[in-house]
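Trainee: Protein chains in written order, with the numbering used here: chain A, -16 to 264; chain B, -16 to 264; chain C, -16 to 264; chain D, -16 to 264; chain E, -16 to 264; chain F, -16 to 264.
Treat the hints as calculated values from the structure; they're not laboratory data. Just so you know, these numbers come straight off a predicted model, no measurement behind them. Do not take every clue at face value.
All copies of an identical chain are treated as equivalent in the list; a pair is satisfied when it fits inside any one copy or across any two copies.
EDC-like mimics (lysine to aspartate or glutamate), calculated; alpha carbons at most 16 Å apart, straight line [claimed, not checked]:
no.: 1; residue 1: K41; residue 2: E(-10)
no.: 2; residue 1: K41; residue 2: D(-11)
no.: 3; residue 1: K147; residue 2: D199
no.: 4; residue 1: K147; residue 2: E262
no.: 5; residue 1: K41; residue 2: E66
no.: 6; residue 1: K263; residue 2: D155
no.: 7; residue 1: K200; residue 2: D256
no.: 8; residue 1: K263; residue 2: D158
no.: 9; residue 1: K114; residue 2: D256
no.: 10; residue 1: K95; residue 2: E235
no.: 11; residue 1: K174; residue 2: E162
no.: 12; residue 1: K77; residue 2: E64
Number of protein chains: 6
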Amino acid sequence: MLYISDETIDRWIKEDVPYIDLTTLTLGIGGIKGKISFTAREFTILSGVEEVLRIFAKLEITPIRALPSGSVVNKGDIFIEAEGLASNLHIAWKVSMNILEYCSGIATRTKKMVETARSVNPHITVVATRKSFPGTKELVIKSIIAGGAFPHRLGLSESVLIFKQHVAFLGDINDLAQEMKQIKANACEKKIIVEVETIEDALLLIESGVDGLQFDKIPADDLKLLVDQIRRINPNITLLGAGGINGGNIEEYARTGINAIVTTAMYFGKPSDIGVTMEKY
Amino acid sequence: MLYISDETIDRWIKEDVPYIDLTTLTLGIGGIKGKISFTAREFTILSGVEEVLRIFAKLEITPIRALPSGSVVNKGDIFIEAEGLASNLHIAWKVSMNILEYCSGIATRTKKMVETARSVNPHITVVATRKSFPGTKELVIKSIIAGGAFPHRLGLSESVLIFKQHVAFLGDINDLAQEMKQIKANACEKKIIVEVETIEDALLLIESGVDGLQFDKIPADDLKLLVDQIRRINPNITLLGAGGINGGNIEEYARTGINAIVTTAMYFGKPSDIGVTMEKY
Amino acid sequence: MLYISDETIDRWIKEDVPYIDLTTLTLGIGGIKGKISFTAREFTILSGVEEVLRIFAKLEITPIRALPSGSVVNKGDIFIEAEGLASNLHIAWKVSMNILEYCSGIATRTKKMVETARSVNPHITVVATRKSFPGTKELVIKSIIAGGAFPHRLGLSESVLIFKQHVAFLGDINDLAQEMKQIKANACEKKIIVEVETIEDALLLIESGVDGLQFDKIPADDLKLLVDQIRRINPNITLLGAGGINGGNIEEYARTGINAIVTTAMYFGKPSDIGVTMEKY
Amino acid sequence: MLYISDETIDRWIKEDVPYIDLTTLTLGIGGIKGKISFTAREFTILSGVEEVLRIFAKLEITPIRALPSGSVVNKGDIFIEAEGLASNLHIAWKVSMNILEYCSGIATRTKKMVETARSVNPHITVVATRKSFPGTKELVIKSIIAGGAFPHRLGLSESVLIFKQHVAFLGDINDLAQEMKQIKANACEKKIIVEVETIEDALLLIESGVDGLQFDKIPADDLKLLVDQIRRINPNITLLGAGGINGGNIEEYARTGINAIVTTAMYFGKPSDIGVTMEKY
Amino acid sequence: MLYISDETIDRWIKEDVPYIDLTTLTLGIGGIKGKISFTAREFTILSGVEEVLRIFAKLEITPIRALPSGSVVNKGDIFIEAEGLASNLHIAWKVSMNILEYCSGIATRTKKMVETARSVNPHITVVATRKSFPGTKELVIKSIIAGGAFPHRLGLSESVLIFKQHVAFLGDINDLAQEMKQIKANACEKKIIVEVETIEDALLLIESGVDGLQFDKIPADDLKLLVDQIRRINPNITLLGAGGINGGNIEEYARTGINAIVTTAMYFGKPSDIGVTMEKY
Amino acid sequence: MLYISDETIDRWIKEDVPYIDLTTLTLGIGGIKGKISFTAREFTILSGVEEVLRIFAKLEITPIRALPSGSVVNKGDIFIEAEGLASNLHIAWKVSMNILEYCSGIATRTKKMVETARSVNPHITVVATRKSFPGTKELVIKSIIAGGAFPHRLGLSESVLIFKQHVAFLGDINDLAQEMKQIKANACEKKIIVEVETIEDALLLIESGVDGLQFDKIPADDLKLLVDQIRRINPNITLLGAGGINGGNIEEYARTGINAIVTTAMYFGKPSDIGVTMEKY
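In isolation and in its complexed conformation, chain A is listed as follows (with noise of 0.2 Å):
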């Protein structure tokens, strides 16, 4: 679903050990073989898995067992067991812990969105937006796919959405609805979707033919008068919510009637706890 460059893989492992291992070199212990095993310490929906895999291939660490990213694991469940010499086990582990903690930590707070919100509205989407800590992509979009979010937009290069810093320089938002017709012919393949604030803003780019509308930071009160104004006079067009959903207020959100709930809110928070032991052959 997502190939991750050996590079990006060759990075990480250099990110922690840029040179050498001074610890295991100075205690004399990285000739010896032993085992390393990482255990749940909390419900924990998995992810980054298949990425530590990477790392132990290259460090000729071998997997014994190791359950694929999307698992459930509870308090306890150890879910990667594998061995190598102490030398690449420790090069391995921290590296390995962090990813596994940080995409652990997203794809569970997605999951629990995702069944929150489909718990009232089993239709509904979870798209996870593009505020990512620069660097970390690759393995946030992993991990919310993990808990069952779609992606929002992956980046500038794949869809229109209209914000006001865009409209800034056009004009105002007559000046976007008037121009809707060639916008929608240079991008005959894509959905139109504008960013709105206002009933007035979101009706005017309805009558110009846009596709789906973003409704940024709208209590869910009154977001749910505006989709059922909207529904009426358009029930096919794209309706979006955006702006501070998270866990707490995800479910009335659900109940609006939107296609889709755009939220930043799985990427922050604590990473899983995952506790990992070593144990010598």
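Here the structure of chain A is known, so what remains is to put chains B, C, D, E and F in place on it, guided by the hints.
Mentor: Below, chains B, C, D, E and F alone, put in the same frame as chain A:
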């Protein structure tokens, strides 16, 4: 203080814009000149500003003014203004905002923790761990420094820090104590520091000549007693507290008399809230 | 519009000069200052000029003047002049010429196709496929845009375009039609477009709610009839023609009433003919 | 013969799939196992097969059988079959097809030119220039070799080939002739070859001891006369014909008695036509 | 102990073979299978073997047997044998030989220095500086470890080592002494080490609490007196000798009682002499 | 003459400073402005200066003056002065010094060898082999050119140089002689050069039409006799001497009448001794 390679700056840009900015192309606004402004929406310790200026330089965006990382800004303060072509401003927008929001979030949380700790123990140091999201280490280090902390260990190559995952290959703690003299000779330019969980282990290692001890997940009250006991034996040993220390309990830990607080807490939490506006010239 | 990384610019230079310029070294002329000029030898839509200027900057070659990509030049027009050391001019020469000739060739062919298509159907869009030589996508995209086309799909990450190679894993076209509602919900921000070869498949999918159809290798006359039939059912559906459309038959296809012509034809053919002269200062 | 780095293989994959395969994700078919087959749709000299197998290896696609580059295949011949997960087959599909079609197109055109030239002059060599699309040199070299040609010069670092753009910095052709002895001493392991356009320049340089001459854009009939005249003076000098030689006139040039034909013509033209099918297991 | 990225391995190969192996191509021998053998021509401590095996793996060369880095071999000992295609053996040949000869040269010189030093002072450590040829640090570190030394400091990020070039910005040595307490608090996990040239500076810093002193270019006899004097004041301080220590005088320096000898001498000198033979199967 | 990519410059910096400069951070001196000066401590042919200036540019260090590579300096000569922030000066210091010392060491040894050889044979060329430490080729080439030598062969892609390791796959020397005509036709733009150890092999190959011979490890006296004998047969053939030629015996070899001396000796030996001072502004 921290040199970031051109390849990294480019990778951040391309991560968000692998090919083109489709929206700007479709709207046909790329050739218009304009201004971009970044505004704090809350109390913030800035971080990442220099990296944003590197991105701007690559996109021929000219800074008008910019406050350096480490600056304190408040709600409503404009801290970067720059001008360039709309096509370039839009390429720079989100990646710059993400860098600023994530980095400043870390710097701001760091600053609060450092100030809290120093308010009760002026000589204590807060050191941030290497448990950062793989791919973000350079930005994270920069940000904790902007907030007044120091790095704990940046990676495996630099310091000798012995965990039970190392002892597993040596035998047990007694074996470690017996090897201590040789370990110290091997790495005579480094402090040999061991993570311990009990006073017995601590005392054994102190006797063996260890340079420092890191206490993991010891309640602050208990830790204070340990520190007092150890200082009476060896007033110069380095004592570190780690494991679950955050903004809520850092004051207690700072009072224990340890030399440094080892923490990851500043990495988690919401990014700073920063507004971005654009206007046409 | 399209940011190219420093690494890519460098890779182009090093591809032609992995170590040194042996001829210039052997002749001992490297330290002499001179001028390089690029002249069109035929009607040309320029593309690649900005990339050549990036190469010049890395080699301390100072531009005297340069026309931007998208400019129209005729036989004899000098469009870039620059000065620098002979050693650097010779490193820049062939790679710059190759970029200009290949890119301008694509831009020129694109422009002709776009103009032909629009002469009979002013609202039609020409979109260029992702069938470019691996390693050249950025230059190719830039060049088709310089010629007035839009990208069809830049890669796999951005749009939902379903081929029979996907249907093979779903079952058959009926299975796809049955899944359409869920597919649309999953990717509600995207148009769901399917490549079809028969009217039966087209009608089935239209009924299922598909957003667009791409017709592959249908003769223009037949396609016109299909388009008329489909527009009567759904005037807003996106209709694309693909497969074997080139400069020779694009006019016919433009008359069919489709929204966009999907083509690869601009990628093939001779590069533009551009002369390069150098003179000593 | 030609080692391609992992970074390059990865770059090709990521060029087409910077993040995920959105269609396969949306359809939910990624986890199904299947087979991919590549079939020639016309007479083809294969090239690029080994690179496709490198891509397959990275995506855990297992080859069932594959003909090596250089193989001759005809319409209907299946030349690669492999199996893997639908998610990986779809990532591999287009980039593999593009490599095979572009590379085999070059190899096939090369083979035809080489065979035509050798049919009238069995000892002649066809050498392909460095006028390839920046970013494609490795694949292009591989392909012309698969077709039976040799590389002319791969880049600037390897050979001494003097153009008028060099002479411009020396003075004129007489200055070059005067320097020839020193140039030959400097680069005594290399042949010194000069591109000339007139017989006078040729004779002057022969007298000075030049090792080879490259004639640019001389009609074949005239070139034959020149070659005869020069061979009478120096039978061992290397004589090359360049400029506008292609499949249509290569036979005439081969008859002139030159040692090698320098051409770029195999780089231009349509890629080979190759069909790709997938089936579910 | 030291993970080297795939990109680095690839860079080494491409540094010697940017495109093709022209000789093997011209001779037409690439497809023949054969064996390559590496033989010591003198007493050698091997280093670089694992990297050569990485190169072999990328070129589908199968090892028959190989002694690990750190092995002792004598004149005539064959230590690597492997088989593969002539085309690949020839790509691997020179880069492999260069790695082995340079790395083993360093390892062998290191071993001799370590053994000489330990023969008179069994607890002394030899530490190798970061004065290696830019671009070679990973191989150099590996090699000094293979020879029994430890790294001094690998780079700037890891240790606090204060030179007069730092003091220049602080003021003078008295300012440094006054700041020592704060410096030690800032970096409480590190030893603070200062390079000094006089006993006065040394005593001032010892009083201020410095953790270690590095003496630069002090004659061994003088250094011995200094060490004795300092040990009487502080028996636990780390004392390092640096500057001009090499195989010829290391014994004298080892007798001074310092903890470690800081040297660069193993980096200079002739590579080991290693023979490479190939035979056809 | 030699373009070095930004990625390479960055790699050198990051090799020494993977994250931060811990000493400068700990001392808190990074923000102070100062000057850095590089001074020769012995007679030196400079090399690497331009690369140091590239490093300076990346670190916002402004050069005040700098002598170009190839300049001759003597003990006490200051050849680079520049100013910037202490944080940046300290990042630049060691990597710049290492580049200058290693490169200038090679240039200086090269110059001495070239002058010695030319003092007895003014038309001889000294060519440096590709036996450089992997990862350093660009700097090494630059340095031997700064010292007046030429590159022998830069890598495998550029020249046809046949060793016994090639002959092993062809059969024996007679097979090579028989193939010579075809080999020359294949690579008619290149000289075909063969390494030989006996006069018999030499004569056989001369008869077959070889363009050059490289004699490996022949004593200078014997080589002189061989050269005389061969020149009588073919005065124009290229004759090279290789194997164990260094500063001590180069004069003898230069007297043999060979065209070029192939040597590696300049790569080994101590780096130039260069002093670096910093002062606060």
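Trainee: Work down the list of hints and note, for each, if the structure agrees.
Mentor: Checked hints:
no. : hint          : result
1   : K41 to E(-10) : both (11 Å within a copy, 12 Å between copies)
2   : K41 to D(-11) : both (9 Å within a copy, 9 Å between copies)
3   : K147 to D199  : within (11 Å within a copy, 38 Å between copies)
4   : K147 to E262  : between (57 Å within a copy, 10 Å between copies)
5   : K41 to E66    : within (13 Å within a copy, 23 Å between copies)
6   : K263 to D155  : between (68 Å within a copy, 11 Å between copies)
7   : K200 to D256  : between (32 Å within a copy, 14 Å between copies)
8   : K263 to D158  : between (70 Å within a copy, 14 Å between copies)
9   : K114 to D256  : between (24 Å within a copy, 12 Å between copies)
10  : K95 to E235   : within (15 Å within a copy, 34 Å between copies)
11  : K174 to E162  : within (15 Å within a copy, 20 Å between copies)
12  : K77 to E64    : within (15 Å within a copy, 36 Å between copies)
The structure agrees with every numbered hint stated previously.
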